[in-house]
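Undergrad: Single-letter residue listing:
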Amino acid sequence: MEHAKPVCRGAETILRIQPNSSISISYHPLFGSRDDLILLELDEKLLQDVLQERVTLRGQPEEDAVFCTQSKTYAMKFVATSNSAFLIPPSGQFLTCEDSSDYGGNSHDQEVVASVIKIAPGTIELNEISPRLDRLKLLLSENPYNFEEAAEEEVIEKRKAGFYSWDDLVNRVQASNDQLRAGLNALSAVEIDGYWRLVDEKYMDTILRMLLHNSVLNDWLLDQLREEEIMNTLEADGFPRMLANHCLHVYGSKVDSSTGSGTLWRLDEKRVCVHFAREILKTGKKKKDNFMAEWLQSIPDGMQASFDMLEGEVLTERLGVEMWVYAFSASSLPLNPAERFSMLFRERSKWAWKDLESYIRDLNVPGLSLEGLLLKYTRRTQPTPDAEPIFTAR
Amino acid sequence: MQIQVKCSCGEEDCPEWAIVELQGVIEAQASFQHRLQNLQIGQLCRPSSQEVYTLTIGYHELTGSKVTLKKPLVVLKKVKLMDVDQENGNSNNSSNVELQVVGIIRHKILFKTRPKAITSKPQLEFKERASTAASTSPN
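As they're listed, the protein sequences go chains A and B.
In this text, residue positions in the first sequence follow the numbering used here: the first is 1, and each later residue adds one.
In this text, residue positions in the second sequence follow the numbering used here: the first is 1, and each later residue adds one.
Honestly, I wouldn't trust all of these hints.
Straight-line Cα separation of at most 20 Å, SDA-like style, residue types lysine to any residue; simulated pairs [as the list claims (entries may be wrong)]:
id, chain 1, residue 1, chain 2, residue 2
1, A, K45, B, A30
2, A, K137, A, I124
3, A, K254, A, L264
4, B, K70, A, E128
Worth flagging that the hints you see were computed from the coordinates, not collected in a lab.
Full structure from sequences and hints, please.
TA: In structure tokens form, the structure reads like this:
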């Protein structure tokens with residue numbers, strides 16, 4: 001008996017099956033475990049990003065890959081199912097029914113068949129996470145720009161170890177483009193000859209002091225520094241223009257001016273004062289009175305330093321009758337909340353809120369507020385209702 | 001490393017795939033276990049104008065319905081690329097992979113009940129194991 005050749009259809013028929021009709025479901029000629037086919041669950045917004053090719057997956061082979069849009073980072077989690085999910089492509093997308101001669105034994109004149117290409121073992125779900133930027137700092141710290149390099153005459157021809165271009169960073173750091181850029185900015189990194197670099201602290205200190213020195217010599221106003229003039233002067237003093245410009249970016253901000261006299265910069269009082277406080281405390285802890293005297297002496301004329309500026313930069317402790325100050329910078333702490341809290345409690349076993357806040361406010365964990373972080377990582381004690389709460393390790 | 005997610009189908013005309021989902025697993029008879037290709041699984045039927053479906057597998061029948069997924073799924077296909085960077089000395093034999101969007105899934109036909117035995121329609125000889133898993137037989 002001659003059997004009718006089946007009519008091959010796919011998903012479109014399954015989804016629009018007419019009342020009182022049926023479709024035969026069979027394994028596809030290309031059926032298999034098909035590890036090349038992956039199901040990814042997306043909300044409508046992320047779906048648009050995917051369809052418009054605005055996403056990438058990032059990570060080293062030994063890491064769990066993350067999913068990055070322009071601005072956000074998501075963890076990818078495989079969620080297995082114990083159900084059998086038969087995956088049926090539309091007809092025409094994979095070869096169908098090429099070899100369907102073993103069909104038969106049906107009572108219909110023409111059988112409509114839809115084929116299953118794979119049994120999906122589960123789907124990948126996305127969860128927004130904070131970018132994994134700790135590695136960025138680690139990479140850029142391998143080879144900071146310093147005096148020796150500045151003194152080198154020849155342009156670096158060949159690529160050196162510890163030099164990372166934007167593309168290198170994107171391949172190594174699990175963060176979206178926007179987050180990576182923000183991370184570079186937070187580290188005061190600068191792109192030199194195509195590579196993103198940190199600049200050695202001593203170098204930055206020297207160039208800032210030179211800038212301030214020139215300002216005194218030339219009667220420049222610290223809130224109206226002319227970019228061209230600064231760059232030319234610092235270049236004459238032996239600093240590359242790129243670094244002179246970087247110094248303005250790190251310690252100042254552009255002034256909105258329509259006067260037409262070129263770009264103007266204003267040195268930021270807080271950033272400059274914090275810089276000098278750090279310099280003083282580099283050698284170790286100091287009695288607060290001595291520290292304050294030295295600090296006020298070292299900052300440029302016209303700037304006002306106040307101890308509040310040092311929140312998140314220094315801690316104080318009472319030893320006997322004396323108050324001491326030592327450097328403890330929030331920016332030197334890990335960005336991962338668990339590691340951050342562990343470092344904080346290693347430094348001090350008890351924290352008052354006013355001190356703790358400046359060391360955790362930059363933590364940004366999607367779906368977890370600062371309150372949530374405190375609940376998760378700290379124990380809060382309050383001896384009396386109107387007493388200051390104290391936070392200890394959990 | 002970075003893997004690009006490519007999509008050639010654009011927003012509107014991304015081909016829609018379907019999922020037919022049931023509990024448990026389908027086991028083919030031992031002689032077919034390693035050559036499932038082209039084998040018939042069962043018959044999907046919509047007996048009325050309602051969104052109610054039956055799936056008949058051997059002498060088991062499942063009843064289910066069409067559901068819209070809370071969040072859509074995209075079907076990604078892993079594609080190995082030829083190394084185009086060879087002349088840059090960049091090829092350390094790491095295979096370049098890209099993911100291509102080949103489909104989108106918004107609906108599935110879900111059978112969440114246990115199978116019911118069909119006694120009136122003994123299409124097949126009784127050879128299959130009695131379990132929640134339905135079995136496939138060749139016609």
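Undergrad: What's the verdict on K45 of chain A and A30 of chain B, does the C-alpha distance respect the 20 Å limit or exceed it?
TA: violated, 46 Å
Undergrad: Are the Cα positions of K70 of chain B and E128 of chain A separated by 20 Å at most?
TA: holds, 18 Å
Undergrad: Hinted pair, alpha-carbon criterion (20 Å max): K137 of chain A, I124 of chain A. Please report holds or violated.
TA: violated, 30 Å
Undergrad: CA of K254 of chain A to CA of L264 of chain A, is that 20 Å or under?
TA: Within the cut-off at roughly 6 Å; holds.
Hints 1 and 2 from the earlier list are contradicted by this structure; the remaining hints agree with it.
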